[in-house]
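In case you want the letters, here they are:
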Amino acid sequence: MSKTEPSLEVRRLDEYRWLIPRQGAMRVEGLVFADGRLMEQIRGDEAVRQVANVAMLPGIVGRSIGMPDIHWGYGFAIGGVAAFDPEQGGVVSPGGVGYDINCGVRLLRTDLSVDDVRSRLPLLMDELFRSIPAGVGRGYKKFVLGPGVIRKILTRGARWAVEEGFGRREDLDRIESGGVLDGADPDQVSERAIHRGRDQVGTVGSGNHFIEVGWVDEVYDVSAAHVLGLDPGTVTVFIHSGSRGLGYQVCDDYLDIMLRAARAHGIDLPDKQLACAPLHTAEAQRYLGAMRAAANFAFANRQMMGHRVRAVFEKVFGRSEADLGMDLVYDVSHNNAKFERHVVDGRERDLCVHRKGATRAFPPGHPDLGDRFRELGQPVLIPGDMGRYSYVLLGTQGAYDETFGSTCHGAGRRMSRHQAKRETRGRDLQREFREQGIEVRASSGATVAEEVPEAYKDVADVVGVVHQAGIGRKVARLRPLGVLKG
Amino acid sequence: MRTESILTGVYFLDHTADVGVEVVAPTLPELFARTAAGMMSLIRGSTPADQGDAAPAEHTLELDADDLPTLLRAWLRALLHRYEVEALALRSVRFEVLTATRLSAVLDLAPDTGPPIREIKGVTLHGLVAERKSGGWIGRVIFDV
Numbered sequence: 011m012s013k014t015e016p017s018l019e020v021r022r023l024d025e026y027r028w029l030i031p032r033q034g035a036m037r038v039e040g041l042v043f044a045d046g047r048l049m050e051q052i053r054g055d056e057a058v059r060q061v062a063n064v065a066m067l068p069g070i071v072g073r074s075i076g077m078p079d080i081h082w083g084y085g086f087a088i089g090g091v092a093a094f095d096p097e098q099g100g101v102v103s104p105g106g107v108g109y110d111i112n113c114g115v116r117l118l119r120t121d122l123s124v125d126d127v128r129s130r131l132p133l134l135m136d137e138l139f140r141s142i143p144a145g146v147g148r149g150y151k152k153f154v155l156g157p158g159v160i161r162k163i164l165t166r167g168a169r170w171a172v173e174e175g176f177g178r179r180e181d182l183d184r185i186e187s188g189g190v191l192d193g194a195d196p197d198q199v200s201e202r203a204i205h206r207g208r209d210q211v212g213t214v215g216s217g218n219h220f221i222e223v224g225w226v227d228e229v230y231d232v233s234a235a236h237v238l239g240l241d242p243g244t245v246t247v248f249i250h251s252g253s254r255g256l257g258y259q260v261c262d263d264y265l266d267i268m269l270r271a272a273r274a275h276g277i278d279l280p281d282k283q284l285a286c287a288p289l290h291t292a293e294a295q296r297y298l299g300a301m302r303a304a305a306n307f308a309f310a311n312r313q314m315m316g317h318r319v320r321a322v323f324e325k326v327f328g329r330s331e332a333d334l335g336m337d338l339v340y341d342v343s344h345n346n347a348k349f350e351r352h353v354v355d356g357r358e359r360d361l362c363v364h365r366k367g368a369t370r371a372f373p374p375g376h377p378d379l380g381d382r383f384r385e386l387g388q389p390v391l392i393p394g395d396m397g398r399y400s401y402v403l404l405g406t407q408g409a410y411d412e413t414f415g416s417t418c419h420g421a422g423r424r425m426s427r428h429q430a431k432r433e434t435r436g437r438d439l440q441r442e443f444r445e446q447g448i449e450v451r452a453s454s455g456a457t458v459a460e461e462v463p464e465a466y467k468d469v470a471d472v473v474g475v476v477h478q479a480g481i482g483r484k485v486a487r488l489r490p491l492g493v494l495k496g
Numbered sequence: 002m003r004t005e006s007i008l009t010g011v012y013f014l015d016h017t018a019d020v021g022v023e024v025v026a027p028t029l030p031e032l033f034a035r036t037a038a039g040m041m042s043l044i045r046g047s048t049p050a051d052q053g054d055a056a057p058a059e060h061t062l063e064l065d066a067d068d069l070p071t072l073l074r075a076w077l078r079a080l081l082h083r084y085e086v087e088a089l090a091l092r093s094v095r096f097e098v099l100t101a102t103r104l105s106a107v108l109d110l111a112p113d114t115g116p117p118i119r120e121i122k123g124v125t126l127h128g129l130v131a132e133r134k135s136g137g138w139i140g141r142v143i144f145d146v
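Just so you know, the protein sequences line up as chains A and B, in that order.
Just so you know, our numbering puts 310 at position 300 of the first sequence, and the rest follows in order with no gaps.
Just so you know, our numbering puts 144 at position 143 of the second sequence, and the rest follows in order with no gaps.
Simulated from the structure, these hints should not be mistaken for lab results.
One should not assume that every hint holds.
Unchecked claim - Taking CB as the label site, the calculated pair distances span:
#1 A321(A) <-> D68(B): 46 to 52 Å
#2 D68(B) <-> P377(A): 44 to 50 Å
#3 G356(A) <-> E132(B): 57 to 63 Å
#4 Q98(A) <-> A88(B): 43 to 49 Å
#5 E132(B) <-> E442(A): 55 to 61 Å
#6 D197(A) <-> H60(B): 25 to 31 Å
#7 R179(A) <-> T61(B): 50 to 56 Å
#8 R133(B) <-> Y230(A): 55 to 61 Å
#9 E59(B) <-> R435(A): 48 to 54 Å
#10 R133(B) <-> E50(A): 37 to 43 Å
#11 G136(B) <-> A35(A): 33 to 39 Å
#12 E180(A) <-> R92(B): 51 to 57 Å
To be verified - Per the computed footprint, the stretches of chain B lying under chain A, defined by three or more beta-carbons under 8 Å from a beta-carbon of chain A, are:
#13 26-33
#14 105-113
#15 123-134
Using N, Cα and C, we set each Cβ at its ideal position, and we do this for glycine too.
Just chain B, same shape as in the assembly:
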């Protein structure tokens, strides 16, 4: 079963023990951006992260993977790590390169001042999907919580 979220194109998946998101988007960059927003929404609750008025802080990110689903997972893992270790949350992203196996992006990360409601232990490979569908893109990710 999937339920609506307040984020465009992002749905929460009911999983007995864990949580997941299903994301639809018109473009691949939008799929990656929306999936990241969905993950942060799970961590922070239903409201967007409170990132205060911090000035933009640009960080570059380069990732390689064997295929598109594992690239999506690598993207989420990278963001999760920045959040967990440095309490930095994604405010916006500009993708310089985004193919099925490579990502190069400039991230605007800002300190996240609000308390999280959920700990995501990991981004699983279980049922992981990132593919073209019906003229757009679909992603599906289960998180271990």
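Next comes chain A alone, as it looks inside the complex:
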């Protein structure tokens, strides 16, 4: 795997847009959002080539898009968006969704002040770490679900959790797609996948997944922040996780199927990980049914964790979660393929929009948003790294017009995991975080080393591009107080 080939032509359109003109087997152009500095980092690996590769897939419409947090993935870059038209032979690709199907972020808010939390922060983080399994393969020993329950979760997502008493009914109005994807087909999920997920509902996982207690340190849109419950000083909780082993297995199971389907349908793949099938085929329908089921597992997973976070706050602060004002702000999805209506070449079409490491960012007035967010636009939650800050944005018309209603999803890595570990060797990272006023709990020191702030781009740069380019609108900035890592 060489660095980005110099032969790939990339043309700067304006301060924040880079065009990859059609070349080679590309069916459409590519478009990357970045300023000059970010683009320099982005071009340091294979991400731009991967945007071009996606543009070669059948039935792609509009442009193959890269967000400013884009980085080298497998097949699709992480931070990529692509839409496929079933009427033009469009495809679905498991590699365009990723292993962690419906990985996403949930944000809770509280009525607590930063001072309230600081005085009990070590205890709070200890209790969170004790109550919510985090780390490699960590699950619940006493909360192992039978296949019947898992099937319900695969069909009903967060609704199952709320019906079982894990959360409030109003939570569902504050989750993308209401916390459940229709069209899920548990029969298309393998026994192996179900087995992997049986003890993992309500668990963080490892890698870049986390729970973070933080606070609103800056507000850019006072009115919108107030409506979202994010006035300055508000204490918040981020939860980042996805469909755990069950989702990974679904992706894994279908890669082989899609590889054969691509061969059978004469699809020339520039990278095998782009394995795909035309949307009208049985293989595509089976994958979509399984993918939606895994997405529902992820919705239930975050709902369960949100419930446990509320329970921990109740215990630590001795008040009910309702009294603590622990409302769900929103819950967004990062990795999925959804059928949505968009205008391309002046015509409205139903498209299968793949977002891999990208967030849906529908504008004010969009019918899918529900009453609560129709005037505001879709909330977009952008976690940064463990040491700096995160952002809350809103979707815009610009995103709808230019990126199929999508925006970035995080800071984006700039350093490999090995490099991060090499560069932090000998440092006492826990002490460094504590000196910054951040309590870190982690099941593995290696994860903390791999996830240090300098391993990531500065999320302020990423969000700045999104805001300036008009594919997202800044509402508030959050800073961490405590971080729980796997």
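Mind docking chain B on chain A? Use the hints.
Just chain B now, kept in the frame of chain A:
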């Protein structure tokens, strides 16, 4: 960029978000065995798995694939599954059959008593290589972590 590991013929690949291994071996069975060891090393850290003194437990494995790279991937997926679901790690392997499309092997799997440091979500097809090179064999695998 690739970095050395303590395992013979196994190198770690630097990938922005994920991790990978590049493996060289004199024979095809050795390529498969070394790639498995490389994957386990990523899961367990730089030290070999602590499998205690468990008695050998033989398990047979039969796999078919369309070509050699996908057979290598199927091999790693099978081992990953045994590790994730049953906490069983490969101690040794005897290949009865190993061609470009078929594998039949007897595995000695032992309970893995040490904690993993990394979760491998999947064995990707991205940049997947398994082929003859310079009188030996080379394999390259990127894992999603």
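May I ask which of the numbered hints given earlier this structure violates, with the numbers listed in increasing order?
-> Result: hints 3, 5, 9, 13, 14 break, sorted rising.
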